[in-house]
Amino acid sequence: AGAGRRGEAAAQHSQALAELLASAKAVKLNGWEAQFGARLASAKGHEMGEWARAGRALAAVNTATNPSVDLISLAILAAYTLLLRNALEPSVLAGYWVVLALLHGKIFEFPETV
151 AGAGRRGEAA AQHSQALAEL LASAKAVKLN GWEAQFGARL ASAKGHEMGE WARAGRALAA
211 VNTATNPSVD LISLAILAAY TLLLRNALEP SVLAGYWVVL ALLHGKIFEF PETV
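My numbering numbers the first residue of the sequence shown as 151 and each following residue consecutively.
Simulated from the structure, these hints should not be mistaken for lab results.
Predicted model, so just to flag it, every value in this text is computed and none were measured.
Hints are supplied without guarantee of correctness; some may be wrong.
SDA-like, lysine to any residue: derived pairs with alpha carbons at most 25 Å apart [unchecked claim]:
| id | residue 1 | residue 2 |
| --- | --- | --- |
| 1 | 194 | 204 |
| 2 | 194 | 159 |
| 3 | 194 | 162 |
| 4 | 178 | 192 |
| 5 | 194 | 205 |
| 6 | 194 | 241 |
| 7 | 178 | 164 |
| 8 | 194 | 163 |
| 9 | 194 | 244 |
| 10 | 178 | 190 |
| 11 | 178 | 163 |
| 12 | 194 | 184 |
| 13 | 175 | 193 |
| 14 | 194 | 208 |
| 15 | 175 | 185 |
| 16 | 178 | 193 |
| 17 | 194 | 166 |
| 18 | 194 | 174 |
| 19 | 194 | 154 |
What follows is a list of derived Cβ distance ranges for each label pair [to be verified]:
| id | residue 1 | residue 2 | range |
| --- | --- | --- | --- |
| 20 | 176 | 234 | 47 to 57 Å |
| 21 | 241 | 208 | 12 to 22 Å |
| 22 | 253 | 205 | 12 to 22 Å |
| 23 | 176 | 226 | 18 to 28 Å |
Where a beta carbon is used, it is the ideal one built from N, C-alpha and C, also for glycine.
Could you build all of it, start to finish, from the sequences and the hints given here?
Encoded structure:
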């Protein structure tokens, strides 16, 4: 159900963007930039909201599946951010989630778990 909502939200955003690109000249001539901008922002916000909801669900499931691995990874992440005073940047988070997935062994079962 979640993948369907994310796909639908992405399709709505893509459709709004395609309409804008196909009719850019008419949009400019008629001064509809603000209207189309608001529509694109709304569609993108809806799409990102669906991705955030899916991310929260994934985080909850991932941390509930193997507590010992998660406690160790949380301790490592806390040490990295709090003790070493490093920023938690997107690249660090992506690496963290990949390592966590490897530790859980889920990355090798990807087709079955989707």
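Verification of the supplied hints:
1. 194 to 204: holds, 15 Å
2. 194 to 159: holds, 8 Å
3. 194 to 162: This hinted pair holds, its Cα atoms lying about 9 Å apart.
4. 178 to 192: holds, 20 Å
5. 194 to 205: Roughly 16 Å between the alpha carbons, so the hint for residue 194 and residue 205 holds.
6. 194 to 241: holds, 22 Å
7. 178 to 164: Holds, at about 20 Å.
8. 194 to 163: holds, 6 Å
9. 194 to 244: With Cα atoms ~22 Å apart, residue 194 and residue 244 stay inside 25 Å; holds.
10. 178 to 190: Between residue 178 and residue 190 the Cα gap is close to 15 Å, so the pair holds against 25 Å.
11. 178 to 163: Roughly 20 Å separates the two Cα atoms, so the pair holds.
12. 194 to 184: With a Cα-Cα distance of about 15 Å, the restraint between residue 194 and residue 184 holds, given a limit of 25 Å.
13. 175 to 193: Roughly 21 Å separates the two Cα atoms, so the pair holds.
14. 194 to 208: holds, 21 Å
15. 175 to 185: This hinted pair holds, its Cα atoms lying about 14 Å apart.
16. 178 to 193: With a Cα-Cα distance of about 20 Å, the restraint between residue 178 and residue 193 holds, given a limit of 25 Å.
17. 194 to 166: OK: residue 194 and residue 166 at ~10 Å, within 25 Å.
18. 194 to 174: holds, 19 Å
19. 194 to 154: holds, 16 Å
20. 176 to 234: 47 to 57 Å: holds, 54 Å
21. 241 to 208: 12 to 22 Å: holds, 19 Å
22. 253 to 205: 12 to 22 Å: holds, 19 Å
23. 176 to 226: 18 to 28 Å: For residue 176 and residue 226 the Cβ distance comes to about 54 Å; the hint is violated.
Against the hints set out earlier in the document, a violation occurs for number 23 only.
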